[in-house]
Amino acid sequence: MEAISGNRGTEVRSDCFIRIVPDDEPGIRIRLKSKVKSLYGQSIHQLVQEELNFFGIRDATVEIEDSGALPYVIAARVEAAVRQITGTGQEFLLPELPQNRYSTVRDKLRRSRLYIPGNNPKLIINAGLYHSDAIILDLEDSVSPEKKPEARILVRNALRNNDMMGIELMVRINQLPLGLQDLEMVARQPLNLILIPKCESAETVLTVRAKIEECRDTGEGPVWLMPIIESAQGLRNAYEIAEATPAVAALAIGLEDYLADIGAERTHGAEESFYARSVVVNAARAAGIQPIDSVFSDFGDNEQLLRVAANSKKMGFDGMGCIHPGQINVIHEAFNPTFPEIEKAKTIVMAYGKAAAEGLGVVAVGSKMIDLPVMKRAQTTIEKAVTTGLIPKEWREIQHE
Amino acid sequence: MNNLKINAAGRPVPPEVNGEPVVPYMGVGKYKPVASKCSPVIPSCADFPADGNKCVASLKEALVKAGLRDGMTISTHHHLRDGDLVANNVFDIAHELGIKGLRWFPSASFPCHDHLIPYLEDGTIAGIEGSMNGPLGKFTSAGKMERTAVLRSHGGRVQAIQDGEVKIDIAVMAAPCADPFGNANGLGGPSATGVLSYADIDVRYADKVIVVTDNLVPFPCLPMQIEGNFVDAVVLVGKIGFPEKIMGGTTQVTRSPDRLIIAELTARFCEATGIVHDGCIIQAGAGGISLAIATFLHQTAQKNGWKIQAGFGGTTRYMVDMLKDGTMKYILDAQVFDMEAIRSLNENPGHTAFTLNNIYNYHSKGNFATMIDMVSLGATEIDVHFNGNVVTHSDGILLHGIGGWQNCLFAKNTIIAVPLFRDRIPVIVDEVTTLCGPGELIDVVVTERGIAINPLRTDLIAKAADTGLPLKSILELKEMAEAICGKPEKPRFTDKVVGVVKWVDGTVLDVIRQVEGIW
Numbered sequence: 001m002e003a004i005s006g007n008r009g010t011e012v013r014s015d016c017f018i019r020i021v022p023d024d025e026p027g028i029r030i031r032l033k034s035k036v037k038s039l040y041g042q043s044i045h046q047l048v049q050e051e052l053n054f055f056g057i058r059d060a061t062v063e064i065e066d067s068g069a070l071p072y073v074i075a076a077r078v079e080a081a082v083r084q085i086t087g088t089g090q091e092f093l094l095p096e097l098p099q100n101r102y103s104t105v106r107d108k109l110r111r112s113r114l115y116i117p118g119n120n121p122k123l124i125i126n127a128g129l130y131h132s133d134a135i136i137l138d139l140e141d142s143v144s145p146e147k148k149p150e151a152r153i154l155v156r157n158a159l160r161n162n163d164m165m166g167i168e169l170m171v172r173i174n175q176l177p178l179g180l181q182d183l184e185m186v187a188r189q190p191l192n193l194i195l196i197p198k199c200e201s202a203e204t205v206l207t208v209r210a211k212i213e214e215c216r217d218t219g220e221g222p223v224w225l226m227p228i229i230e231s232a233q234g235l236r237n238a239y240e241i242a243e244a245t246p247a248v249a250a251l252a253i254g255l256e257d258y259l260a261d262i263g264a265e266r267t268h269g270a271e272e273s274f275y276a277r278s279v280v281v282n283a284a285r286a287a288g289i290q291p292i293d294s295v296f297s298d299f300g301d302n303e304q305l306l307r308v309a310a311n312s313k314k315m316g317f318d319g320m321g322c323i324h325p326g327q328i329n330v331i332h333e334a335f336n337p338t339f340p341e342i343e344k345a346k347t348i349v350m351a352y353g354k355a356a357a358e359g360l361g362v363v364a365v366g367s368k369m370i371d372l373p374v375m376k377r378a379q380t381t382i383e384k385a386v387t388t389g390l391i392p393k394e395w396r397e398i399q400h401e
Numbered sequence: 001m002n003n004l005k006i007n008a009a010g011r012p013v014p015p016e017v018n019g020e021p022v023v024p025y026m027g028v029g030k031y032k033p034v035a036s037k038c039s040p041v042i043p044s045c046a047d048f049p050a051d052g053n054k055c056v057a058s059l060k061e062a063l064v065k066a067g068l069r070d071g072m073t074i075s076t077h078h079h080l081r082d083g084d085l086v087a088n089n090v091f092d093i094a095h096e097l098g099i100k101g102l103r104w105f106p107s108a109s110f111p112c113h114d115h116l117i118p119y120l121e122d123g124t125i126a127g128i129e130g131s132m133n134g135p136l137g138k139f140t141s142a143g144k145m146e147r148t149a150v151l152r153s154h155g156g157r158v159q160a161i162q163d164g165e166v167k168i169d170i171a172v173m174a175a176p177c178a179d180p181f182g183n184a185n186g187l188g189g190p191s192a193t194g195v196l197s198y199a200d201i202d203v204r205y206a207d208k209v210i211v212v213t214d215n216l217v218p219f220p221c222l223p224m225q226i227e228g229n230f231v232d233a234v235v236l237v238g239k240i241g242f243p244e245k246i247m248g249g250t251t252q253v254t255r256s257p258d259r260l261i262i263a264e265l266t267a268r269f270c271e272a273t274g275i276v277h278d279g280c281i282i283q284a285g286a287g288g289i290s291l292a293i294a295t296f297l298h299q300t301a302q303k304n305g306w307k308i309q310a311g312f313g314g315t316t317r318y319m320v321d322m323l324k325d326g327t328m329k330y331i332l333d334a335q336v337f338d339m340e341a342i343r344s345l346n347e348n349p350g351h352t353a354f355t356l357n358n359i360y361n362y363h364s365k366g367n368f369a370t371m372i373d374m375v376s377l378g379a380t381e382i383d384v385h386f387n388g389n390v391v392t393h394s395d396g397i398l399l400h401g402i403g404g405w406q407n408c409l410f411a412k413n414t415i416i417a418v419p420l421f422r423d424r425i426p427v428i429v430d431e432v433t434t435l436c437g438p439g440e441l442i443d444v445v446v447t448e449r450g451i452a453i454n455p456l457r458t459d460l461i462a463k464a465a466d467t468g469l470p471l472k473s474i475l476e477l478k479e480m481a482e483a484i485c486g487k488p489e490k491p492r493f494t495d496k497v498v499g500v501v502k503w504v505d506g507t508v509l510d511v512i513r514q515v516e517g518i519w
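If you're matching them up, the sequences are chains G and C in order. According to my numbering, the first sequence is numbered sequentially starting from 1. According to my numbering, the second sequence is numbered sequentially starting from 1.
Since the hints were derived computationally from the structure, they do not count as laboratory data. Check the hints yourself; a few may be wrong.
Said to hold, decoys possible - What the simulated footprint calls covered on chain C by chain G, stretch by stretch (three residues with Cβ under 8 angstroms from a Cβ of chain G suffice, anywhere in the stretch; the number is not a length): (1) 198 to 206; (2) 256 to 264; (3) 394 to 405; (4) 480 to 489.
C-beta atoms are modelled at their ideal positions from N, C-alpha and C, and glycine is treated no differently.
Input sequences plus hints: build the corresponding full structure.
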């Protein structure tokens with residue numbers, strides 16, 4: 001019997017590969033191969049000893065090939081191997097970073113969400129550096145089936161111990177029922193939102209919601225839900241999914257799977273997805289939540305990304321997914337209000353305010369009539385401009401000066 | 001080695017190295033020797049053929065004719081970089097002739113020079129003074145080199161030759177293009193290097209000079225980057241280097257998103273504080289982050305309509321692009337990193353070769369380095385006093401040369417652009433393992449998680465305030481690194497000094513000790 005976890009190889013960095021072979025020889029024998037051995041050799045030994053002790057493993061040979069893994073990564077790899085041996089459900093948790101515990105509001109700015117493969121420590125370490133509106137640690141498509149159990153543990157530890165720099169923390173769980181196991185491990189951790197992939201019914205949303213409530217204390221902050229529509233059936237039920245519970249904060253579309261499901265081909269002009277995207281926007285707006293677009297899969301072509309994102313904004317979406325940090329700024333640029341839009345909105349809000357003060361419900365700016373819906377849209381634009389730092393909060397005072 | 005003395009940087013250093021007395025570091029600008037420069041022997045034209053043909057049939061014959069014998073100092077330059085065949089060939093011949101105890105004095109070494117390790121083991125080579133990269137560095141750190149290694153900057157090497165600290169017996173100078181008289185340049189041929197700037201000082205001061213080329217042209221070889229009347233012999237060989245490795249290495253802008261953040265922050269800092277401005281002079285080295293900084297600065301200059309007066313390189317196509325579109329007026333070039341730079345040298349009057357003496361030699365009448373507005377450099381470690389290390393890693397093992405790093409510290413604004421940690425190894429530390437540059441010369445440290453300004457630079461601190469840049473103290477950066485990586489243990493050293501680091505004026509700044517338990 002032996003158990004292995006983690007990754008090794010010339011391309012692998014910040015990870016470790018662990019093999020545990022329980023035997024009859026008394027004691028733990030650790031064989032450590034590491035590029036940081038002279039700097040962290042003792043602390044790695046100590047951590048592994050302590051963890052094996054915690055799990056009650058007394059006699060075993062442990063082989064470690066380390067490429068500079070941080071302690072929470074090593075701990076996750078050891079736990080994944082131990083679980084294979086003992087079947088334990090115990091969790092070895094390092095002290096949680098207090099700065100990772102924060103809550104977000106339901107209608108928070110969600111222009112960009114950066115996908116990070118859940119079993120790749122190298123990409124997780126700096127996930128918070130790129131100023132995306134959210135980070136998604138992904139347990140679904142970017143993790144191969146045999147790596148799911150170890151990825152789950154790594155993601156749990158990352159949520160607790162990798163400084164995420166105040167960015168909204170999301171996890172994409174697997175499709176149910178596998179996703180319920182993911183939730184058992186992550187639901188209690190610092191976390192703001194769960195993405196539900198290939199969601200086809202309100203029932204799925206409610207099952208996820210119930211599982212989170214079962215695992216998480218109310219004092220640990222809200223966990224919002226973002227179901228992803230990725231099938232014809234899902235699209236049919238889009239509105240019910242969107243309004244299944246007030247915990248749903250946004251509705252996303254996953255185009256690759258959706259198009260495969262309906263038998264369409266992805267083209268440059270994106271006519272094949274126009275209907276589905278419109279339905280998602282409409283369902284989300286009807287339920288009073290944010291519609292969120294799919295990802296753009298060529299991270300080498302930011303010019304095309306800018307066109308796609310601009311079009312997405314025009315259709316009514318509030319944001320998109322990012323598969324590479326280099327896409328974030330482009331997406332922000334596309335979804336941010338433009339300066340002409342902001343100037344126009346300012347004029348409308350000022351004029352409307354003045355008219356309201358004079359007891360008028362309708363006012364004209366130039367030759368255009370301004371009524372409540374126009375005013376609301378202008379207000380949204382201004383709010384976005386303030387949140388994104390394009391204009392100061394006190395813009396009115398500055399306007400008057 | 002006993003009786004070490006504490007130098008002005010607080011580091012214990014020996015009073016002599018390889019049997020020669022040395023001066024401990026006294027502080028920046030404090031050591032001013034009263035002496036004359038070294039004088040090479042006087043040659044006579046009567047000893048050279050009137051027809052100007054100095055060709056010799058083989059490198060072996062040329063070395064024998066030059067009087068190669070035990071204990072000599074042999075110099076080579078590193079323009080062929082990791083594609084160099086010439087230095088290796090010299091020591092193959094020395095080994096074959098049974099010569100022992102040579103001192104190799106390269107301007108830099110590369111992984112291809114692993115080839116020389118057996119000669120270090122069998123005594124053909126007794127020691128290296130220059131840079132020790134990769135396996136040569138590890139060999140040195142293991143305490144296996146007979147002589148104490150001496151590490152010098154590019155400028156320090158010029159100073160050491162000029163001041164007579166190192167007397168070169170035979171300079172073997174690879175030349176991509178040469179004529180039979182010995183005039184040579186790096187511009188053409190199958191192994192083009194663009195310039196031969198590092199060879200300049202060697203040919204002026206060495207007793208014997210051998211030019212080795214794989215591209216012999218009729219007289220005159222123009223331009224004469226090496227002048228033929230410094231040359232004793234010319235050897236035509238089949239191949240001096242592997243072209244793909246001469247121009248290989250770190251000549252691409254980094255694609256790593258975290259390295260790009262460092263580069264972007266550096267460029268934003270330079271713009272916000274006015275370090276980079278219309279008419280400024282900048283340096284741009286190779287290496288992923290430096291190249292990315294150059295491309296960001298290119299955009300900054302274009303956006304503001306600025307003209308950069310001159311760029312000093314290490315030249316790559318990224319700098320050439322600035323010259324082409326008029327963002328930069330001149331490129332002063334001491335080393336070429338890609339084919340585009342060679343093309344530009346051949347075509348652009350504003351792009352010119354430049355010797356190290358003029359920019360880097362501290363024992364001269366002023367250095368061009370002090371006129372540069374902005375240099376960005378890397379480092380293996382920076383400590384909380386802004387001291388820098390570029391030669392050893394935190395595990396104590398010698399892995400890199402100093403290059404022009406020490407010399408560039410004299411620029412008006414020196415920025416160290418580094419990640420906060422590399423694969424769990426903190427770059428910002430309590431104390432550098434090896435001191436290569438005093439903190440008073442390092443102005444700014446830019447990492448992906450924050451920028452620290454040296455408290456001595458109150459002007460930059462004032463200018464950077466309210467710019468929205470993520471400013472931190474160097475101590476905060478160090479603590480962030482330790483919070484993420486954990487506090488590192490100390491590597492274990494023996495008492496044996498295996499190398500010394502010279503400062504730009506020839507004084508001894510620090511020592512490198514044998515690392516326990518390697519090999």
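Results of checking the hints against the structure:
{"no.": "1", "hint": "198 to 206", "result": "violated (count 0)"}
{"no.": "2", "hint": "256 to 264", "result": "holds (count 4)"}
{"no.": "3", "hint": "394 to 405", "result": "holds (count 3)"}
{"no.": "4", "hint": "480 to 489", "result": "holds (count 6)"}
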